[in-house]
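4 protein chains.
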Amino acid sequence: MSDVTLHVRNAACAAAVLCFGLAGADALAAGEQAEQFTPEYLQLHTTYDAKHSPKIVAPDSVKRGDWFTVTVSVGAGSQHPSLGEHSIRYIALYKDSVEIARAYLHPVYSAPTVTFTVALDEGGSLRALAEPNHSSAWETSKKIEVRP
Amino acid sequence: MSDVTLHVRNAACAAAVLCFGLAGADALAAGEQAEQFTPEYLQLHTTYDAKHSPKIVAPDSVKRGDWFTVTVSVGAGSQHPSLGEHSIRYIALYKDSVEIARAYLHPVYSAPTVTFTVALDEGGSLRALAEPNHSSAWETSKKIEVRP
Amino acid sequence: MSDVTLHVRNAACAAAVLCFGLAGADALAAGEQAEQFTPEYLQLHTTYDAKHSPKIVAPDSVKRGDWFTVTVSVGAGSQHPSLGEHSIRYIALYKDSVEIARAYLHPVYSAPTVTFTVALDEGGSLRALAEPNHSSAWETSKKIEVRP
Amino acid sequence: MSDVTLHVRNAACAAAVLCFGLAGADALAAGEQAEQFTPEYLQLHTTYDAKHSPKIVAPDSVKRGDWFTVTVSVGAGSQHPSLGEHSIRYIALYKDSVEIARAYLHPVYSAPTVTFTVALDEGGSLRALAEPNHSSAWETSKKIEVRP
Chain A
212 MSDVTLHVRN AACAAAVLCF GLAGADALAA GEQAEQFTPE YLQLHTTYDA KHSPKIVAPD
272 SVKRGDWFTV TVSVGAGSQH PSLGEHSIRY IALYKDSVEI ARAYLHPVYS APTVTFTVAL
332 DEGGSLRALA EPNHSSAWET SKKIEVRP
Chain L
212 MSDVTLHVRN AACAAAVLCF GLAGADALAA GEQAEQFTPE YLQLHTTYDA KHSPKIVAPD
272 SVKRGDWFTV TVSVGAGSQH PSLGEHSIRY IALYKDSVEI ARAYLHPVYS APTVTFTVAL
332 DEGGSLRALA EPNHSSAWET SKKIEVRP
Chain C
212 MSDVTLHVRN AACAAAVLCF GLAGADALAA GEQAEQFTPE YLQLHTTYDA KHSPKIVAPD
272 SVKRGDWFTV TVSVGAGSQH PSLGEHSIRY IALYKDSVEI ARAYLHPVYS APTVTFTVAL
332 DEGGSLRALA EPNHSSAWET SKKIEVRP
Chain X
212 MSDVTLHVRN AACAAAVLCF GLAGADALAA GEQAEQFTPE YLQLHTTYDA KHSPKIVAPD
272 SVKRGDWFTV TVSVGAGSQH PSLGEHSIRY IALYKDSVEI ARAYLHPVYS APTVTFTVAL
332 DEGGSLRALA EPNHSSAWET SKKIEVRP
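Those sequence lines, one after another, are chains A, L, C and X.
Just so we're aligned: the first sequence equals residues 212 to 359 in this note's numbering.
Just so we're aligned: the second sequence equals residues 212 to 359 in this note's numbering.
Just so we're aligned: the third sequence equals residues 212 to 359 in this note's numbering.
Just so we're aligned: the fourth sequence equals residues 212 to 359 in this note's numbering.
Just so you know, the hints here were simulated from the structure itself, not pulled from any lab data.
These numbers come from a predicted model, not from an experiment.
Incorrect hints may have been included.
Where chains are identical, the list cannot tell them apart; a pair therefore holds if satisfied intra-copy or between any two copies.
[Unchecked claim] Derived EDC-like pairs: lysine to aspartate or glutamate, alpha-carbon spacing no greater than 16 Å straight-line:
1. 274 to 243
2. 353 to 277
3. 353 to 246
4. 274 to 246
5. 274 to 251
The following block holds chain A by itself, in its conformation from the complex:
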């Protein structure tokens, strides 16, 4: 049984009360969701994995403000598959702590290979993140020099 009383006197308040169904078979019952947490989801993966680590193709050195392409693919030798139940959700590109581009890839239709066109202000590390649906993201980095 649900009993919700919501009283808002201030006209600038917006309220969202979300009540989930509570039937025994509710797909989102807490006990069931807790079982979904496998160790693969616990933290960003920075170790090398032949199937999941992104591969970055980019110049070693660029001129400040010049456009260049960065191609990120996922999987060494062959690409990570793009299946309904198992695919790469997105590929994101960072320069050190700053995100600079991100592509969301739809299962079945998109392969995990994308080319961005970027420019940099300072040198540092290009970081590519690729996140499959069955784990948290995998990261690879590559040093890049930026000439004045």
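Dock chains L, C and X against the given chain A, drawing on the hints supplied.
Leaving out everything else, chains L, C and X in the frame of chain A:
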């Protein structure tokens, strides 16, 4: 065997040549990928489905330019599950042909319920799209009046 | 003055009450926001515009399930600029009603040119949408044949 | 003048050659783009800023696997504006190094306040990132306990 010759004379050209591995077991071989296309992916779903149609909670009428909340959830009665191999990839909100907000949801950690804070210029149809990983998106719409 | 009473008896209810500040200079006051709605935001743009219409480079015909690249750029002759206050927010690729890839581009760092790697099930129209920050999205389409 | 020769013998190679126009007034000429890099874009901002730091509303303690809501807004006291040339591009939510939800917000139509519904496996820091178009992202974190 691979033989690539790339000759670029114009310094403003950027080239990306992507060669996929061609071993017999290549996960992305064409024959295998073609088998991934099931009818569920062929077009946007606008019919009602108890498990996949988005549910829109929003006012019937708002004042032009006033902020209000729109809550979109997926699934009638109980929510669509958020499992590693089966989840809602994103929920997007449109006003007729114009996209106005989109949330990407990570499997296991995010339930397919999100509340956006939006304002409108003209009345029409709020449209919510929810896309699972095993089909193309499902759409629901709701009329909304915008008062001057 | 704000007076909020929230009473929830059902443990499965989650409530979010959002109260915005109400100072006279509040950046989100309704009157001010209404002034932000210019005609450019009212609907998806499908007419041709030299500066904003996406340009699609893709094959005219592909084999079902074969991977191929689609490059989408924005602007004819030269690219749309990527400035802090004026840039392309994202480029999205659809096959008729189905979204198949989307790249969010960060101002200053990303140029509005992206290459996706995709495969198709059936022929139809590739549609590219590019959305700047000062209007709703611009769309271009290109017919593509899919051979069995 | 541009002279591109591309010879690919391996049928599994896909090539994208992107040539930008080179007229003197090209909006993307290197010299002009370099001027767009202001110090605000150089790194993730973790200091407090009344206008840009995200505000996280979430429980201090939750049960493992139980769904709860997290509301993230931007700006203390009043919200960050949502104007065509100045707005929040996205709000992302992390649990330590793992991204768990992200909402892209469209200028003019969306205010930078979003509510996600999430569940956690382990305690740690909820981190909210909000990225305006005129700088890199701003981050705020909040400790959260997860009970078994």
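Here's how the hints hold up against the structure:
1. 274 to 243: between (53 Å within a copy, 13 Å between copies)
2. 353 to 277: neither (18 Å within a copy, 30 Å between copies)
3. 353 to 246: Cα proximity of residue 353 and residue 246: none, with 36 Å in one copy and 25 Å across.
4. 274 to 246: between (50 Å within a copy, 13 Å between copies)
5. 274 to 251: Cα proximity of residue 274 and residue 251: none, with 39 Å in one copy and 20 Å across.
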